[in-house]
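Peer 1: Here's the letter readout for the chains.
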Amino acid sequence: MVRVDCSGTDCLVQVRNLDKKYYRGNEVIDVLRGLNLDVSAGEFVAFMGPSGSGKTTLLNLIGGLDTPTSGTVTVGGEEINDLSGRRLTSWRARHVGFIFQMYNLIPVLTAYQNVQLPLLLTGLSKAERDRHVHTALELVGLADRAKHYPGQLSGGEEQRVAIARAIVADPTLLLCDEPTGDLDRETGDEIIEILHRLSKEHEKTVLMVTHDPLAAEKADSQLHLEKGLLVEAERRGEIS
Amino acid sequence: MKYLHLILRNLTRKKLRAVLTIGSFMVALFLFGMLVTIDSSLSGGLDVASANRLVIRNKVSLIMPLPISYAERMRQMEGIEEVTHFVWFGGVYQDAKNFFANYTIEPETVRRVYPEYLIPDEQWDTFLEDRQAALVGKDLAKRFGWKVGDRVPLEGTIWQGVWEFNVRGIYDVSTKDLPTSDFWFHYDYLEEQRPFLKGTTGWYTVRVTDPSMSADVAGAIDERFANSPYETKTETERAFIAGFVNQMGNIRLLMISIGSVVFFTLLLVTGNTMAISVRERFGEIAVMKTVGFSDGSVLGLIIAESFTIAALGSVIGLGLAKLVTLGGDPTGGILQVFYLGFDDMALGFGLSLVVGIAAGLIPGLNAMRLRIVDALRRV
Ligand SMILES: Nc1ncnc2c1ncn2[C@@H]1O[C@H](COP(=O)(O)OP(=O)(O)O)[C@@H](O)[C@H]1O
Ligand SMILES: [Mg+2]
Numbered sequence: 003m004v005r006v007d008c009s010g011t012d013c014l015v016q017v018r019n020l021d022k023k024y025y026r027g028n029e030v031i032d033v034l035r036g037l038n039l040d041v042s043a044g045e046f047v048a049f050m051g052p053s054g055s056g057k058t059t060l061l062n063l064i065g066g067l068d069t070p071t072s073g074t075v076t077v078g079g080e081e082i083n084d085l086s087g088r089r090l091t092s093w094r095a096r097h098v099g100f101i102f103q104m105y106n107l108i109p110v111l112t113a114y115q116n117v118q119l120p121l122l123l124t125g126l127s128k129a130e131r132d133r134h135v136h137t138a139l140e141l142v143g144l145a146d147r148a149k150h151y152p153g154q155l156s157g158g159e160e161q162r163v164a165i166a167r168a169i170v171a172d173p174t175l176l177l178c179d180e181p182t183g184d185l186d187r188e189t190g191d192e193i194i195e196i197l198h199r200l201s202k203e204h205e206k207t208v209l210m211v212t213h214d215p216l217a218a219e220k221a222d223s224q225l226h227l228e229k230g231l232l233v234e235a236e237r238r239g240e241i242s
Numbered sequence: 539m540k541y542l543h544l545i546l547r548n549l550t551r552k553k554l555r556a557v558l559t560i561g562s563f564m565v566a567l568f569l570f571g572m573l574v575t576i577d578s579s580l581s582g583g584l585d586v587a588s589a590n591r592l593v594i595r596n597k598v599s600l601i602m603p604l605p606i607s608y609a610e611r612m613r614q615m616e617g618i619e620e621v622t623h624f625v626w627f628g629g630v631y632q633d634a635k636n637f638f639a640n641y642t643i644e645p646e647t648v649r650r651v652y653p654e655y656l657i658p659d660e661q662w663d664t665f666l667e668d669r670q671a672a673l674v675g676k677d678l679a680k681r682f683g684w685k686v687g688d689r690v691p692l693e694g695t696i697w698q699g700v701w702e703f704n705v706r707g708i709y710d711v712s713t714k715d716l717p718t719s720d721f722w723f724h725y726d727y728l729e730e731q732r733p734f735l736k737g738t739t740g741w742y743t744v745r746v747t748d749p750s751m752s753a754d755v756a757g758a759i760d761e762r763f764a765n766s767p768y769e770t771k772t773e774t775e776r777a778f779i780a781g782f783v784n785q786m787g788n789i790r791l792l793m794i795s796i797g798s799v800v801f802f803t804l805l806l807v808t809g810n811t812m813a814i815s816v817r818e819r820f821g822e823i824a825v826m827k828t829v830g831f832s833d834g835s836v837l838g839l840i841i842a843e844s845f846t847i848a849a850l851g852s853v854i855g856l857g858l859a860k861l862v863t864l865g866g867d868p869t870g871g872i873l874q875v876f877y878l879g880f881d882d883m884a885l886g887f888g889l890s891l892v893v894g895i896a897a898g899l900i901p902g903l904n905a906m907r908l909r910i911v912d913a914l915r916r917v
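Here the protein sequences line up with chains A and B, keeping their order.
Mapped onto this note's numbering, the consecutive letters of the first sequence carry residue numbers 3 to 242.
Mapped onto this note's numbering, the consecutive letters of the second sequence carry residue numbers 539 to 917.
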């Protein structure tokens, strides 16, 4: 069953007939085939599926990092495939936070400076940036680690810095690609807990790819990517 | 500047690499500083050559003589204040390695044409009284330890035999850029003793009354002596010296070639270093683009980085070169003017910034074109 059931104004993400093909030589890899998806604002959705099924591809398309072969992605009423390179970049800065499996922090910058990175692009004053960075670090429980470099942090702490970086500019949408894939169970649970809290207490819309069924359990809904389409596995909680 | 820490952190992420790259700018700009110093030394006086002086030489060649009678004929021309003349002697002191310029002067007139030369009056008076007297520049005197009263023999190369001289005075200059390592003696002494070329001189220098009329005066002089057995070529002192320098086997071209090769090598070295350093960071650059850095700002940051390398290295290199020149001429007199000017330092600094920007350009464009999704897959 394809999940296209969100109607009304609080539907944040709308994906319609999304096709993504990769061309390797004369071989065509048909990753996404007419995929549809609706996500309400504030919802926490988990995507599962075998390796190579196109989960990363889907997140990249929703986040405007990649362009579809055909179909549309609409976020907050804006059809992002229509945006030019520059405008897409600034749209991404304002609306999307990314969290990766490998944290992808800049090793030569402190936790504070890593979190501050997206704010450099805004017109915020030093004092305002400072306030935002501290709020974000506090939200992930790392206010006391601001001056540490990524190499001085554990994997779980690095991922929390990455989350702080993703939320510092206060985006509506958080895209997480296997955020616990490189962490042990306990640390991973802490990360999922933070994401859950961001969704429930701070009204962030969280789209998370995961291999871990226990992590997916925490989400409002779980979707499976199979043969280029989404299949609904289970729905938890009430979505309006 | 809120990006400064980012640029500096990127720059110093590999300490040794940063030191080596900045070091290559340093070495290159030090070399540049030395080359321009030597170059301006060889073209000695080019910068001070006065526009109110004209040099008249034989039209055929500098080494061909002119009749001594031209002095009076020019003195009567309009626009000419004073006339003096020189003969290149080409004498050797003890060994050909001890090269210095030695030529005759005409004492009556030389000081009115060249007021920049400073000679104490009592030394000048004793110079006038002694037929074998010589005046030496203060650096030349220092080089050979000569004092007033010393007897100096020069071996003639044009006019054979040993010519004896008495050092009667040591001159200085009122402007830093004039040579103080030449050897002057009486025209009359040469004229009496030389067996051939009597009644001639080497070249004339005239002082014009109005510098703005220099071109007209020069034209009038050459016209005056046209169609005579000794036709003249009159040029400004600046052009004359430049021509003289060109005779030195085009050393300048050689130095420009060396300088160009150095800068080109610097471009390759820095460009390559930047390319490696940027490629190592593709993943991070993709992340920066993900969080909203535009392609342009990514390019800008990378260029700013190589620009900083260039600025740091060249400031140190030029500073060292300046320090060395402040220590004075290391050859003890061969390089007459050993001075690194601010203009030349600014030129070197500017050139290295151009190299810095160019070196960051290609890696920067690659980073700019980098597709986020491809780069993140590689991480
Ligand atoms: N740039 C690319 N060129 C060619 N094939 C690609 C490219 N990116 C992804 N693919 C292929 O698309 C498929 C889906 O990849 P991906 O979205 O990363 O899957 P998942 O994240 O679910 O493991 C894989 O078969 C992968 O090899
Ligand atoms: Mg993936």
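There could be a bad hint or two in this list.
As the list claims (entries may be wrong) - Residues of chain B clear of chain A, computed beta-carbon distances all greater than 10 angstroms: (1) Arg555; (2) Asp663; (3) Gly830; (4) Phe831; (5) Asp833.
As the list claims (entries may be wrong) - Rough simulated footprint, nothing fancy, chain B against chain A, three-plus residues with beta-carbon under 8 angstroms: (6) 200-212; (7) 224-234.
No wet-lab data here; the hints were simulated from the structure.
In this text, a Cβ means the ideal position worked out from N, Cα and C, and glycines have one as well.
Peer 1: Now tell me if each hint is right for this structure.
Peer 2: We went through each hint and held it up to the structure:
1. Arg555: holds, 13 angstroms
2. Asp663: Since the minimum Cβ distance to chain A is about 74 angstroms, B/Asp663 lies beyond 10 angstroms and the statement holds.
3. Gly830: violated, 3 angstroms
4. Phe831: violated, 7 angstroms
5. Asp833: The assertion about B/Asp833 is violated, with a minimum of 7 angstroms to chain A.
6. 200-212: violated (count 0)
7. 224-234: Not satisfied, violated; 0 residues make the cut.
Comparing the model with each numbered hint stated earlier shows that hints 3, 4, 5, 6 and 7 do not hold.
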